[in-house]
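Novice: Note that the protein sequences, when read in sequence, are chains A and B.
Using this note's numbering, the first residue of the first sequence is number 1, and each one after it goes up by one.
Using this note's numbering, the first residue of the second sequence is number 1, and each one after it goes up by one.
It is worth saying that the hints were derived from the structure and are not from the lab.
Please note that the accuracy of each hint is not assured.
[Said to hold, decoys possible] Pairs of lysine to any residue, SDA-like flavour, derived with a Cα cap of 20 Å:
#1 B/Lys-103 - A/Val-89
#2 B/Lys-103 - A/Ser-53
#3 A/Lys-56 - B/Ala-110
#4 B/Lys-103 - A/Thr-13
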Amino acid sequence: MLNIVNKSPFQSTSLETCLRMAQPGQGLLLIEDAIYAATKGSSAEAAIRTACSTLKVYALQPDMDARGVSAKVIEGVALVDYGGFVDLVAQYSTTNSWL
Amino acid sequence: MKKFMFVNRKAPYGTIYALESLEVVLITASFDQDVSLVFLDDGVYELVKGQQTKDIGIKNFSPSYRALEGYDVEKLYVDKQSLEQRGLNESDLLVPVEVLDTKAMAALMAEQDVVLSF
Numbered sequence: 001m002l003n004i005v006n007k008s009p010f011q012s013t014s015l016e017t018c019l020r021m022a023q024p025g026q027g028l029l030l031i032e033d034a035i036y037a038a039t040k041g042s043s044a045e046a047a048i049r050t051a052c053s054t055l056k057v058y059a060l061q062p063d064m065d066a067r068g069v070s071a072k073v074i075e076g077v078a079l080v081d082y083g084g085f086v087d088l089v090a091q092y093s094t095t096n097s098w099l
Numbered sequence: 001m002k003k004f005m006f007v008n009r010k011a012p013y014g015t016i017y018a019l020e021s022l023e024v025v026l027i028t029a030s031f032d033q034d035v036s037l038v039f040l041d042d043g044v045y046e047l048v049k050g051q052q053t054k055d056i057g058i059k060n061f062s063p064s065y066r067a068l069e070g071y072d073v074e075k076l077y078v079d080k081q082s083l084e085q086r087g088l089n090e091s092d093l094l095v096p097v098e099v100l101d102t103k104a105m106a107a108l109m110a111e112q113d114v115v116l117s118f
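Bound-form chain A, shown alone (with noise of 0.2 Å):
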């Protein structure tokens, strides 16, 4: 399964309800104001390193870069493309947009 997550970790109970329900071996793609999570600095940045150990991270790079914090991200995440978003969600079974 690749969980999406598009809310800031600040605004929403999302990303931290996701990482509570989420497998080992399942993905995460943070998007849109969830990329805020994979920065260096925020205090999201402990479970996003905790995630990183047990489930495949990914940061949707332009939306990093449209906010101006592609060089503080997290070691451990994949920046991915939005041709990249497409393979993930081919690649993985099922897809779940946490709203």
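The hints should help you fit chain B onto chain A, whose structure is shown.
Specialist: Chain B alone, transformed into the frame defined by chain A:
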């Protein structure tokens, strides 16, 4: 037949998500699929008994959850932690549900063919 799971995470009247989810659930059930509903985070507020919406001018759709049984939608799962965080328990809810801990809920979610989140 595919396993469809509807994940409800929003309180009922602040946004349209809860009502939209219910409508999609009924459509899916009419196509004879294996449907389950999950209530997480503020979604647990959708099932609270005693909703009275007359004075906010929005239809009270909570009785519809009781009608789901008539569409063979009988799998309603509620997250234990979300209930506890909100000071609720099973007796506050308007339909019979199965309360699951994180481990059981995560396992159930992982075995679905389709997951739709609202």
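Novice: The structure should be examined with respect to each hint, and the outcome stated for every one.
Specialist: Checked hints:
| no. | hint | result |
| --- | --- | --- |
| 1 | B/Lys-103 - A/Val-89 | violated (25 Å) |
| 2 | B/Lys-103 - A/Ser-53 | holds (18 Å) |
| 3 | A/Lys-56 - B/Ala-110 | holds (15 Å) |
| 4 | B/Lys-103 - A/Thr-13 | holds (18 Å) |
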